[in-house]
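Enquirer: Below are the chains, spelled out letter by letter.
Protein chains: 2
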Amino acid sequence: MRLSRHFLPVTKESPADAQIVSHKLMLRAGMIRQTAAGIYAWLPLGHRVLRKIEQIVREEQDRAGAVELLMPTLQSADLWRQSGRYDAYGPEMLRIKDRHDREILYGPTNEEMITAIFRDSARSYRDLPRTLYHIQWKFRDEVRPRFGVMRGREFLMKDAYSFDMDEAGARHSYNRMFLAYLRTYKRMGLRAIPMQADTGPIGGDLSHEFIVLAPTGESEVFYHTNWEQDRALEVDADDREALQAFVSGLTTDYSATDEKRDEAREAAAGDALKTSRGIEVGHIFYFGTKYSAPMGLKVQGTDGTEVIPHMGSYGIGVSRLMGAIIEASHDDAGIIWPDSVAPYAVGLINMRADDARCAAASDDIYAKLQAAGVETLYDDRDERGGAKFATMDVIGLPWQLVVGPKGLDKGVVELKRRATGEKVELSVDDAIARIVG
Amino acid sequence: MRLSRHFLPVTKESPADAQIVSHKLMLRAGMIRQTAAGIYAWLPLGHRVLRKIEQIVREEQDRAGAVELLMPTLQSADLWRQSGRYDAYGPEMLRIKDRHDREILYGPTNEEMITAIFRDSARSYRDLPRTLYHIQWKFRDEVRPRFGVMRGREFLMKDAYSFDMDEAGARHSYNRMFLAYLRTYKRMGLRAIPMQADTGPIGGDLSHEFIVLAPTGESEVFYHTNWEQDRALEVDADDREALQAFVSGLTTDYSATDEKRDEAREAAAGDALKTSRGIEVGHIFYFGTKYSAPMGLKVQGTDGTEVIPHMGSYGIGVSRLMGAIIEASHDDAGIIWPDSVAPYAVGLINMRADDARCAAASDDIYAKLQAAGVETLYDDRDERGGAKFATMDVIGLPWQLVVGPKGLDKGVVELKRRATGEKVELSVDDAIARIVG
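In the order they appear, the protein sequences are chains A and B. If you're matching positions, the first sequence starts at 1 in the UniProt record's numbering and goes up one per residue. If you're matching positions, the second sequence starts at 1 in the UniProt record's numbering and goes up one per residue.
Because the hints were derived from the structure by calculation, they are not lab data. All C-beta atoms, glycine included, are put in the ideal place defined by N, C-alpha and C. It is possible that some hints are incorrect.
[To be verified] Only some residues are given here: those of chain A computed to face chain B with a beta carbon under 8 Å: (1) T35; (2) A41; (3) W42; (4) L69; (5) L70; (6) R99; (7) D101; (8) R119; (9) S121; (10) Y125; (11) L128; (12) I135; (13) V143; (14) Y344; (15) R417; (16) T420.
[As the list claims (entries may be wrong)] Output of the computed footprint for chain B on chain A, the stretches with three or more beta carbons under 8 Å from beta carbons of chain B: (17) 4-17; (18) 75-84; (19) 104-117.
[Said to hold, decoys possible] Here's a subset of chain A near chain B, in silico, CB distances under 10 Å, partners left out: (20) I20; (21) V21; (22) G65; (23) M71; (24) L94; (25) R381.
Turn these sequences into a full structure, and let the hints guide you.
Expert: Right, here's the structure in full:
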């Protein structure tokens, strides 16, 4: 993409009302624009990252055997009355009346709707187990939205729902998602620590939050230093015992949110106990028949008797993850995107747009990068080099490829790695080879 | 994907309240589920088609030089007061109050929001021309939602907005989209006829609807038989004059909705005049400064004076297109997907899931199809062959590949083309080669 034809409103100023670094940087990098309290438009650069994060989430859900569908944003109040949650849910639910005065709401989550959909189709044990998921906009009317997309009101969430014939099956589905979540975060360059959690308005008796450590996190967390090590995530997820052993082994090391601290385990951890603040980037629940029973979901068991399926639900904040990634990966000059979610792999900078030789060479390199399948943002604008460098640093593309008259004299371009600042002079072909990896 | 692990609730019965064939078939094929009046969940099969249609729309927008972003579903009422449309828009606008009693709404379209976003960033003629688009859920509170996703309340729309320095530039942007729309429909196997249209609540003085002919269409249309010919869509869209000549040439042939009939041109068409019913699948508008002027969008011109940009907007109903494609492509047995939007390219049918040899051969073919990159739905269930054929016919995958004991004796499988019913016996490798094309 040529920057001269893009819509990338990068700004120098850091807006006064942005309190945390991810919010500031997303605004400065022209990724988002607030359009109402806690509601954001995703400008082209932010939209690209959102789609990359979404796609990683999707691929790991598919890998875990979950099946994608898409439920609407608006739901009928009657559906929520079937579970008894319509009156129980607080003012965070956005309640709406349509032109016929029917009560509807903007879905904050989808347990009721997915239970109704599955209920109206599933007949017997052959239709289970199933895990269904969707990636859809949700709304929670936060009393005080803040921190940009980290605590917005309209946000993109992946929510999955599992249906099993019994508790043992449901626990296996839960463990599958536990593994899928760790794999998802790892692919984005994040280390997320699972922590036992309260179940809150979803209900149930088994639940984990996944927490990314960051000084700006909303809650205090406690964990064993072993969690700072990189974990291998290789296990056969189809093997119930092996997967349970993997999850049990992993959770041997202590980790807890403020509400779930365990004095004895903290004492046992001794000097290995650490504390930090954390950002919640996922939450999974097993809640048995909490929704299936009141909503009349029943299927025929292998022996012909009726069985009420056991369910779980599994959420990842897709839009929130973007903030978490930036909190975990930035420096004073701007964002440092992990390759897996970067909006473009490389920023191609023509240092002298007014020089015909530089422009021709840059156009040629741009064509070569495109032919090599490299996602490229090409700064072909007639601007000073310093401004171009600052733009590339703040938007944080993994590579910068600089074309200038001196380099062309020598037959080289400069390749800079954003994360390390390392710069090398290379031929164009060698530079492209380095980027492609 | 193995059908034994899928969620594909195909039904035999045609629901009583579904009046048109696309609605009936989408319900029978397990593609959608109504969750409230005019609101649908997209079950896995429907969701896959929705994503394919969306991707074609996206690719043709990108090809036309439009830049993608994503605006939120909810908007503030104040934004719509800036253009004067908040009070003018009728009861189709879903008006909402949040917990702080602030007036918001579920966006039916985004002229106001995109104008505000562009206004807050664009400074000079160097920031124009630009066309920005997004693909997002919209809500229009239809008084009587019907025809399934064809006239739903919550629907997925691609809407693009162009910003130009003057009317001539805006007309070129309009022509670019005119061409992009024709290319989009053609890739989906649809022939859509552009027709001059009234501008309605969007306003403006140049507008075309794109209409697909179908007996179930909502409106009567009139056109010259020349429109039934296939049109070449090759023209250099960067060349203003060439593109204008292309558009002018194309629209020489008469076409009109009921409101825009022209007696003289109809008389001139003589026997070549035809009438039909049609489904609107796109609508484009040029409206000058209707939004930019009241909302204060101004940029510096090349001579330093202030210029109010000229705008246009361009909508395609992404979810509605699915209905239109089915209306245009089905038979008594079910849907016939064009290859470009089919949820899977091939349905692999194991005729005898209880036969170890058939199961092993089918598993092997499934692995080969996946290795060849062919999107495959594998019916590995223990069901009668007749039921499997009926399922594949109703869901309409372009190819069916049938594995049975008699064929295996001869070393062949049966390959059926859904559109023509043509069946051939081939070796597995030849069948895969035929599918890959």
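Enquirer: Each hint should be assessed against the structure and marked as holding or not.
Expert: These are the hints, each one checked on the structure:
1. Of the supplied interface hints, the one on A:T35 holds, with its beta-carbon coming within about 6 Å of a beta-carbon of chain B, less than 8 Å.
2. At about 5 Å, the closest approach between the beta carbon of A:A41 and any beta carbon in chain B falls short of 8 Å, and the interface hint on this residue holds.
3. Using the Cβ-Cβ criterion of 8 Å, the hint placing A:W42 at the interface with chain B is satisfied: the shortest such distance is roughly 4 Å.
4. Interface restraint check for A:L69: the shortest CB-CB distance to chain B comes to about 5 Å, inside 8 Å, so the restraint holds.
5. At a threshold of 8 Å, the smallest CB-CB gap from A:L70 to chain B is about 4 Å, leaving the interface hint in force.
6. Below 8 Å, beta-carbon pairs count as interface contacts, and A:R99 has one with chain B at about 5 Å; its hint therefore holds.
7. Because the smallest distance between the Cβ of A:D101 and any Cβ of chain B comes to about 11 Å, over 8 Å, the interface hint for this residue is violated.
8. A cut of 8 Å between beta carbons decides the hint on A:R119: the least distance to chain B is about 11 Å, and the hint is violated.
9. Below 8 Å, beta-carbon pairs count as interface contacts, and A:S121 has one with chain B at about 4 Å; its hint therefore holds.
10. Violation of the interface hint for A:Y125 is found here, the shortest Cβ-Cβ separation to chain B being roughly 12 Å, above the 8 Å cut-off.
11. Because the beta carbon of A:L128 sits about 10 Å from the nearest beta carbon in chain B, more than 8 Å, this interface hint is broken.
12. The beta carbon of A:I135 is not positioned within 8 Å of any beta carbon in chain B (closest approach about 10 Å), and the interface hint is therefore violated.
13. With 8 Å as the threshold, the beta carbon of A:V143 comes within range of chain B, its nearest partner Cβ sitting at about 7 Å, so the hint holds.
14. With a cut of 8 Å, the hint placing A:Y344 at the interface with chain B is violated, because the nearest CB-to-CB distance is about 13 Å.
15. Given the 8 Å rule on beta carbons, the hint for A:R417 is violated: about 27 Å separates it from the nearest Cβ of chain B.
16. Interface restraint check: A:T420 against chain B, minimum CB-CB distance 31 Å, threshold 8 Å, status violated.
17. Note: the stretch 4-17 of chain A has 5 residues with beta-carbon separation from chain B under 8 Å; the three-residue rule is met and the coverage holds.
18. For a cut-off of 8 Å, the count of residues in the stretch 75-84 of chain A with a CB near a CB of chain B stands at 3, and the three-residue condition holds.
19. Three residues within the 8 Å Cβ limit are the bar, and the stretch 104-117 of chain A against chain B gives 5, so the coverage statement holds.
20. A cut of 10 Å between beta carbons decides the hint on A:I20: the least distance to chain B is about 21 Å, and the hint is violated.
21. Annotation: A:V21 was flagged as interfacial toward chain B, and the flag is violated, the nearest CB pair being 22 Å apart, outside 10 Å.
22. Taken as an interface hint, A:G65 checks out: its beta carbon lies about 7 Å from the nearest beta carbon of chain B, inside 10 Å.
23. Contact between A:M71 and chain B, as hinted, is supported at the beta carbon level, the nearest pair being about 5 Å apart and thus within 10 Å.
24. The criterion of a C-beta within 10 Å of any C-beta in chain B is met by A:L94, whose closest approach is roughly 7 Å, and the hint holds.
25. Taking 10 Å as the C-beta contact cut-off toward chain B, the hint placing A:R381 at the interface holds, the least distance being around 8 Å.
Checked against the numbered hints listed earlier, the structure breaks hints 7, 8, 10, 11, 12, 14, 15, 16, 20 and 21; every other hint is satisfied.
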